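S.K.: Listed below are the residues making up each chain.
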Amino acid sequence: MSGLLVATLVLGLAGCVAGAASPIGIRTPLSVALTLAACAGALAVGVAVLVRGRAVSFHDQHLLPLSGFNLRLDRFGALFVVVSAGVAVCALVYRLGYDGHGLSSRTASAVLPAFVTTLLFVPSASDVTTFLFFWELMALTSLLLVLADHRHRAEVPVAGQWYAVMTQFGAAAILVGLVLLATHAGSQSFAAIAASSLHMRPWVRSAAFVLVVIGFGSKAGAVPLHVWLPRAHSESSGPVSALMSAAMVNLGIYGIVRVGDGLLHGGPVWWWLMVMAIGALSALFGALHSATSRDLKRLLAYSTTDNMGLVLLAVGASGLFAVTGRHALALVALVAALLHVVFHAVFKGCLFLSASSIQQATGTRDLDSLGGLLRRMPVTGSVFLVGGLAMAALPVLCGFVSEWLLLQSMLHGLPSKDPAVAVAMPVGVGVLALTGGLAAFTFVKAAGIGLLGLPRTEAAARAREVGPAMTGGSGVLAALCVLLGVAPFLVLPAVIDAANGVLGRRGPDPLVRGWQVGLSGVHGVLAPGILAAVLCAAVGTVALVRAAVEPGPVRVAEAWGCGRELQTARMEYTATSFGEPLTRVFEDVLAPSHDVDISHVAESRYYVEAATVHTSTDDGFERRLYAPAQRALRRFGTAARSVPNGSVHRYLAFGLVALVLVLVLVA
Amino acid sequence: MTSTWSVAADAAISVLQMAGVVLGGPLLVGLMRTVRCRLEGRVGPPVRQPLLDLRKLARRQRTRPEHASWIFGLAPLLLVATTLVVAAVAPLLATGPALGWSADLFAVVYLLLLGSVALALGGLDTGTAFGGMGASRALTIGAVAEPALLVSILALSVPAHSSNLPAIISGSLAHPLWLATPERLLALAAFVIVIVAECGRLPVDNPGTHLELTMIHEAMVLEYSGSDLALIKLGESMRLGVLVALFAVLFVPWGIATSPGPEHLAVSLVSLVAKVAVLGVGLAAFEVGVAKLRLFRVPELMAGAFVLAVLAVLSALVLA
Amino acid sequence: MLALLVLVAPLLGGAVVAAAPRRGGLRWAAVATNGATLALGVTLAVRVLAHGPVTGAGGVLRADALSAFMVVVIGAVALLASWLGIRTVALDLAAGTMTPTRAAAYAILVQGFIATMLLAVLAANLGVLWVAVEATTIVTTFLVGSRRTRGSLEAAWKYLIICSVGIALAFFGTVLFYLAALHAGGHSAQALDWTSLMATARHLDPAVVRLGFALVVLGYGTKVGLAPMHSWLPDAHSQAPTPVSALMSGVLLSVAFYAILRFKAVADLSLGPSFSREVLVVVALLSLAVAASLLIAQRDYKRLLAYSSIEHMGLIALGAAAGTRLAIAAVLLQILGHGLTKTVLFLTSGEIMAAEGTSHIDGVRALLARRPALGGLFGVGLVALLGFPPFSLFSSELLMTRAEFGVGLGWVAVVAVALMVVIFVAVVGHARHMLFGPGETAAVDATPPRWVAAPLVGGLVACALIGVVAWPLSGLLVAAAHVVRP
Amino acid sequence: MTFSSALALAAGAVLVCAVSVLWLTSVRSVIRAVAIQGVALGTVALILGVDQRDPGLIAAASVVLVLKGAVIPALLSRSGGGDSRGRESRPLVNVPASLVAAAALIVVAFVTTRGVGRFVGTSAGSLVPVGVATMLIGFFVLVTRRRPVFQIVGLLMVDNGIALVAFLSTAGVPFLIELGVSLDIFLGVMMLMVLTRRLKVEFGDVDLDELQELRD
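Chains as they are written, first to last, in my numbering: chain H, 1 to 667; chain D, 1001 to 1320; chain V, 2001 to 2486; chain W, 3001 to 3216.
One should not assume that every hint holds.
Listed below are several chain W residues computed to face chain V (Cβ distance under 10 Å; list not exhaustive) [to be verified]:
#1 3005
#2 3006
#3 3051
#4 3055
#5 3059
#6 3108
#7 3112
#8 3120
#9 3125
#10 3131
#11 3138
#12 3159
#13 3162
#14 3171
#15 3176
#16 3188
Rather than coming from a laboratory, the hints here were simulated on the basis of the structure. All of these numbers come straight from a predicted model, not from anything done at the bench. Note that the Cβ used here is the ideal one computed from N, Cα and C, for glycine as well.
Isolated chain H, as found in the complex (with noise of 0.2 Å):
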């Protein structure tokens, strides 16, 4: 197995040379084979981990300077490498069909291969040095990825540069978290480090954690670093957002749980609390972003946010409980954050591809300018609106059952002598239904505005449905997102087995499995297979009595205008106007800017001749917290560059100063 682990590395850096080296003509298809290749490697280790239970190693002294290249894969790590091997297949094949973006160029085709090997080995990193090169490896080709398009448009450079600075911050967050603990372990081994965390002193494992957690927080869109996200994953291009957004921000909740969990063997109530407070957060923040954002892949970025917020706040509950003794729930916490994010993967990849589809064949993602094109583009729409669905946690698609997880886990934490856990739960739980609500309302509008009624634009009145590798790479997802729905079972022992492997504990069961989901010994099981079912026969029914009692087939007629002639698509309400009830009702937290622009007829003040609205709701974080800093930052430059001001005399007064003082200190 670990001869396969090397074959996919080599493949993956095999795709990098055909990628950056062959001729234009098959550069294209020999990279994307090569890294499927890669991929099909790593989904069989991966598998193979999680059906045989047993880790796959390999070690080689020789790599990395002075430190070794050490890789590990156990059950928790191949859950990610499979799930984003998956989410890379298809993103690849959809590739094939997808051009534009900056994609083609020789080092976009290098990089890419690239930055999937490395998702796919970050979660085989088995010491601190590798998995910081893997990670950082992770940062710069996908931050390349991002850059692609940027000789086309302004915004791209504007958004890798975000991303950039995050993606840093992060970084050194968690070097300075695992070298702290490394350094304390006497090893920089993951082995040691869990084998000797505990008799750390507390200070050392909080700092660690708390630094992890703002690190891989920032990977994965946490609020208040979550703010390169939405620019970044709406400017690049449509497989690299699914594979940045469904693949790689995964990576940063295998982050926090590895260490959290893995390393660390679970801490303090504070901890977990914190976690728990982030996520909440930002599930708030994303849901409320994702709500009001009149941008399509924007609104899907926000809510990639939304979802690793509520993955955050399952990973702290079960951190919560573990520390409060309730270990069989804190698995069920802990499988239910995992679940969420296999299936988060599952339909943001779904839902980012089809975006990025309709985006090839429409020119842009602004949904109000979009509209009509389920008609126009059926294969893809359909995708976008399973996909939606699942996003929206409604059932029998997959983004319910692990909501559902949740909450059950949530309700049976709550008997709690804790008072920590008492409030927790109540308000987690009330997080979790408002950005419920907010999805089915996102979903709603992306679907609503972007899909259904009249197109709104030429560019989406002449859309024509994508190549079917196009269709195929999402619609493969978007299959998932029905399957996986149905029948949780599929995935759900391997996720047991992997949240059990980064627990270390061995416990019985407490999951109900089989057609149905639940928590063993309770009353509270959920069989959505068997709900699906009983769904469709409904519908079914149902339709079969309309067509029984109705007159005669359909009749096509003229919408009711208010007695209007023509109806246009000018008379459509716009994602703007959609979302604005609730940007009224959350006016505090969004804080819109309105600027009213009205101009009057030369002859008259009191005949107007044009009036436009401008609404914005841009992040409240950007504007109040970074571009703060930002100026701060400008502001102390300057004043810095006038310290040196060039005369020599002034040079060498800081090396007389320097001279007295070494004088003085050290004689």
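Based on these hints, arrange chains D, V and W on the given structure of chain H.
M.R.: Showing chains D, V and W alone in chain H's frame:
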């Protein structure tokens, strides 16, 4: 549930519940309308008028706006179907309907949400300003109602250690005093507010209005006609019926059949009808006395409900 | 013999080029001899690793693993710089800004510069080391001022004055070491010899050594570019001809740091590691802070690279402050990685300046779109410089951080990492303006010819390879670390 | 005159010359002062060399005498050309303040390096602070004087100070190294003079504070 007979009996209960909701929902609406008219000093239509309306509408031809897609036709089906599923799995007549173990309160909530989402999509599919407006408003209210709804469910579930409906009802049957506890009363209050919002009743929405400024639900369904409109009206009244019935069995569980048998069922049916009728009359009386809230005051109401629900959970923990 | 050969090789190349300044083909002789230096360095390293230190020229020269490593670094950087030097000289001759006579002088000075650096790292005696380092100052002053513009003269003046003062302080420090060594029983002629100094190191008077070491850090630190005597560096690096900037930034700074490393080894044996740690931490953090503050609003990309050198020297000093064997090995790896990367970057920036006609960051836009080859090289170089894998700076910086945590310098390392984040933010911002954005692709003749791009690509590839597969090098690194940390 | 008093006299002369540079403003007299300082320094080395009968030291002393006492000052006053009649009219710190600063620097030198002198253990060793003070004053000249020639002189004083320390504490570094050091200093000063001339040619009479073109 092992013998074929009891499975058949459970299935029969489910079918009975579905049929009851299909018939009872419109009747409840009719009852409420009549009560309202009487209180306002009018005679009003007969109680069965909604059923007659449905029959009339079902025979009319359907129309579809020219730009609409297949979503438009699917939405009414989904609305009715999700409510039917809820009616089938909820323990309205007996504590153990068929499939009762396959869903719980959370699932019920999300199923109803699916129906609302479908309807909103149908509204947007028409491509008119009204559809979008109704969908936007309905979902805004739905989104802010969701936390209160789920947390009040949590308050109910905590003492039973389960969100499974039969478990909750059995629990309250076993501990009658449980009903009078503060957490239950708080949860009750929150639940009522949420039901009013979910069903689009006053003061959140006025089902009778067709004024642009105030329409919520009606704006969404403006383009539906014929059998589709019948389905939507049916679905809406079924929702009201099933939620009121659920409310009745959750908070006043007595009379529900705990074991199979026609005599138990009959008692259960009678008591349920009585409870729902009383609640319906009460609700109608309440509606007469209030005016519709401004749209942007509704979230405040929902926030209040959420606070009540959180208090319910906390008091459940403190008093437990 | 081998050591002497190493020393003579570059001079030979310089002589050949100078002999016939009009014969362009002969300029390759310098490249060839610098290549030979690299090869000899490798041979030296192999020999030293197998048979221990090598001496030559009657005991004046001595090569241990550390010296051999430095010879390799100097050889590699010199090879790259002289390769590109052919192009810059040819361009200058064609443009008429350089006469053949001055081209000859230039060749001799560059090769002499390389030779003095080699002498510094091969000197057996710390006094000779001082003489060699001072000699590099004198040689390079000519080179810095060779363009004879107002700016280059100003830079040359500042460079010479500040570095002479600094190096004088280093001499003061050396004298104090000598004093202590004499009192510890050293024979006057050999007291400053590395071997005898290390033998008597444990008996040196602590008070004198403390003052001596502090002065050595301040003095040689001037040449290294450590704050507070760093101010000459941005001026000189931005005004010198690019191959010279590359050599200065790539190796001259490291050669000066090599001197500090040697003295640190002696001081640590006498005082224990804590004193040198304190001194180095102070200057390192100061340097990082200076680099960070001046990079934020930097307006000139050559100065940006210069301040980045100050940053990296600060990091190296911090790694040396940790002082464990692993840390020293990491420091050396950093020296190599920084040498290669910074050389490539300076050389590329020279090409950019030749193409764009300005060294202002504001004056250069959308380079990747307009000049993909130059922009790409510059971008990849910056990526390497900012410490991303697979480039070796990632490994060395991580190793140094680990080492710093390991010896209780955790807080210092945290501050350093924070400053590095600030530097990252600053550099990325400038790079965004320079490299990205929409633009028309320039005419083909503006892209550098293949033989020019080849060494630059080679340098970056080497840096990446070292960062991933380092087994041939690790032995040398560890052995070199043993020299200063026995 | 005893050995130690002769030594003290010569070393004191080095310091006095340093202080006088602060006091003087004309280029010509400053060059003369630094020449005298070179001679004094050479005398210190000579006295030590004779006393210790150390031929290396005597040789080093003669090198110093020739180079610093004669050659470099001569070159300075010649290469100064038009500059040799110049004046430091506007020092960054005026003369009285400079003298006060020099006093402070001397105090610093004596307080901080007496330990080193005691460690040396000889009567010559106790004069080490004199050398350090000279070095500091030289540095001060570098910081506060604007004319290029003054900076060269300051640099020479720094070197002289350190050389004085070396002679007094260790009887000089080994002759070979001393030779290298002297050569380096000679070349360095030569370079500075070349640069001064170039500056003059290119920009006329230059004030070093005008060299502020290179900055961030």
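S.K.: For every hint, state whether the structure bears it out.
M.R.: Hint check results:
no.	hint	verdict
1	3005	violated (23 Å)
2	3006	violated (22 Å)
3	3051	violated (16 Å)
4	3055	violated (13 Å)
5	3059	violated (14 Å)
6	3108	violated (13 Å)
7	3112	holds (8 Å)
8	3120	holds (7 Å)
9	3125	holds (9 Å)
10	3131	holds (9 Å)
11	3138	holds (9 Å)
12	3159	holds (6 Å)
13	3162	holds (5 Å)
14	3171	holds (8 Å)
15	3176	holds (8 Å)
16	3188	holds (5 Å)
Hints 1, 2, 3, 4, 5, 6 from the list above are not met by this structure, while the remaining hints are.
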